[in-house]
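Same order as they appear, the protein sequences are chains A and B.
Counted from 1, the first sequence has number 38 at position 38 by my numbering; the numbering is strictly sequential.
In short: position in the second sequence from 1, add 1000, done, that's my numbering.
Since the hints were made in silico from the structure, they are not lab data.
Remember, predicted model here, so these are calculated numbers, not experimental data.
Hints may contain errors.
30 Å max Cα-Cα, derived DSS-like pairs, lysine-lysine [as the list claims (entries may be wrong)]:
#1 A:K200 with B:K1093
#2 A:K285 with B:K1093
#3 A:K200 with B:K1111
#4 B:K1133 with A:K285
#5 B:K1111 with A:K282
#6 B:K1104 with A:K200
#7 B:K1133 with B:K1111
#8 B:K1246 with A:K200
#9 A:K200 with B:K1288
#10 A:K282 with B:K1093
#11 B:K1235 with B:K1246
#12 B:K1288 with B:K1246
#13 B:K1110 with A:K200
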Amino acid sequence: MSQVQKLVRSERRLMIGALPMAIYFLIFFLFPLIYIIINSFWSADSTGMVIDRAFTLKNYQSFFTNQFNIVAYLRTIGVSFSSVLMGIVLAVPLSYAIVFVIPKKWKQLVLLAIVTPFWTSFIIRAFSWQLFLSEGGPLNSFLMKWGLINQPISILYTHKATIIGLGLFSMMIVLVNTYSIMVGIDRSLLEAVSDLGGGKWDQFVEVILPLSVPGIVLGSMLSLIICIGDYIAPTLLGGGVKTVLSQLMIQSLKSGFNIPMASTYSVIMLLTILIFVLPFVKYIKRGRTGE
Amino acid sequence: MSENVMVRLEGVTKIFTDCTAVDNQDLDIYEGEFLTLLGPSGCGKTTTLRMIAGLEIPTNGRILIHGEDVTFNLPSERDTSIMFQNYALFPHKTVGENIAFGLKMRGIDKKEQEIKVREMLDFVQLPAVYDRKPHQLSGGQCQRVALARSLVMQPSVLLLDEPLGALDAGLRKAMQLELKNIQRKTGITFIYVTHDQEEALTMSDRIAVMQNGVIEQLAPPSVIYEQPKNEFVAKFVGRCNLIPGKVIEQENGLVLVSNDALGRLRAKNPAGEIRAGEEVKILVRPEKVWFSNQNNTANGTVISKAYVGSRVDYQIECNGLVLLVEADALVDLYIGDEVDVCWEAKDSIIMPKNFCNTTE
């Protein structure tokens, strides 16, 4: 048997192995997705009980003609990008510190201290943030004690709190990605920078940061997907007054039982995520082919 | 080569948490010299180099460059540049940016950077790779780029950490000659670390053979090879026959030694005085032995034969003592053949037992 035939056969065997997974994704992922897309072109009456299965663009029209929706949509994007940005700004220096500054024996501990809180449920974490950020909570009393503020600042139930919640979540995701890259950076590259006349800052800017870009990209892509679709943080921390896309979707389900309209919000959310994520995917693919 | 000391190590010691890498080392390296630190892995040669580069701080002792104490200076504050074993080229930067890096750190303007970089690429005979990334280059090309990146800084001392280790045999040979030529042309002091004795013998002005953090012998290649100071050096720089024996007497600069298997042998004694009755070993390099029956003759049987292309390696057993012989490929013997082997007394030297290292 030739090498090529062997390869083809082993690939076929691999495909058979992947079959159960493919069936699983088909039934529980692709079919529901298609169903949602189809649903978004149907319409429901005011009770939500009767669904008209005639093709219509009514839902999309009502989304794009309602200023309230557009504002919520833009707010979603704003909050998501701010959160991811906050994640990056925190994660990069932190992973630099863990990999290159903190002594070896403390590294595991610090990394664990950062990652463990994220083992608890997102809802429980959101409730703890509520306590921490509230007007009588530790943050405000701390700031007032040190005289940084005169009266409690309201962070909770504004999107500042949402951004803090989602931002720290993004930080964790970006951190694990940049950490694994920075750990793998050849120390002789940094020594080469020193040898050629550079300092610590040059090591960071010229070598560590540019080499970490793939990790930053992957981490922010993953967290952006979560931030755009998240419902818990904007509701429990952001207060739910200034609505975001996920809240609109839930509302149309809860108050109107309007499944077609909720599907429309889903499709719009999905398309938004795709628009932002596709360039990232392209970037990562290009990196893989060795560009 | 002038006799000005370029780099001086004074009692330099480096202790890591679990071992002493370099032990109280004194070493003078002259201006324009090609000095090789040769030794097995873990002998402290790379640590010595890294301390000169400023990448490690000695636990004890002083390092002087141009007579100035630089022991605690940063790598950037020394007139040295190091070429790493894996080249340490910046993977995300082009060849041009890699070579220009040091100039950029010095704040030299962009136009001048490019002129210097292109000059340097011509010098290392790689004019066409300016815009490429390191991963698009072959191992040999990477090596030249790394060299260019160091040379463009015009250091007084270039430190090379096994730079040819990753190249294949043919390329290695070519690069050895080229490095030597570049060193001659630029007059830069080269300090070269390797575990390859052939490389060290080919390129160096002087070789420092190291073991366990100590320099065992510091001498020109021919002296290292022909008059090794001890058994460790003798074995490290080439294959050897070590014949144990007892000194009988000294006559006309030669020493008469008796060996159980071969009888009486004569050998040179560069180490000086020696007492009768002393236990010694005689060193004879395998290529100095030939098949014939003159002085120092021994009679033996061929027990193995290995064809190596330009020569044939034989093992000859003489009364229980196995001698290694590198013979001309024209000599044609078979296993089991009876032969006479001999060598000239001037090609064999005495290794006093008290100099012999226990390391096998």
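Which earlier hints can't be squared with this structure? 5, 8, 9
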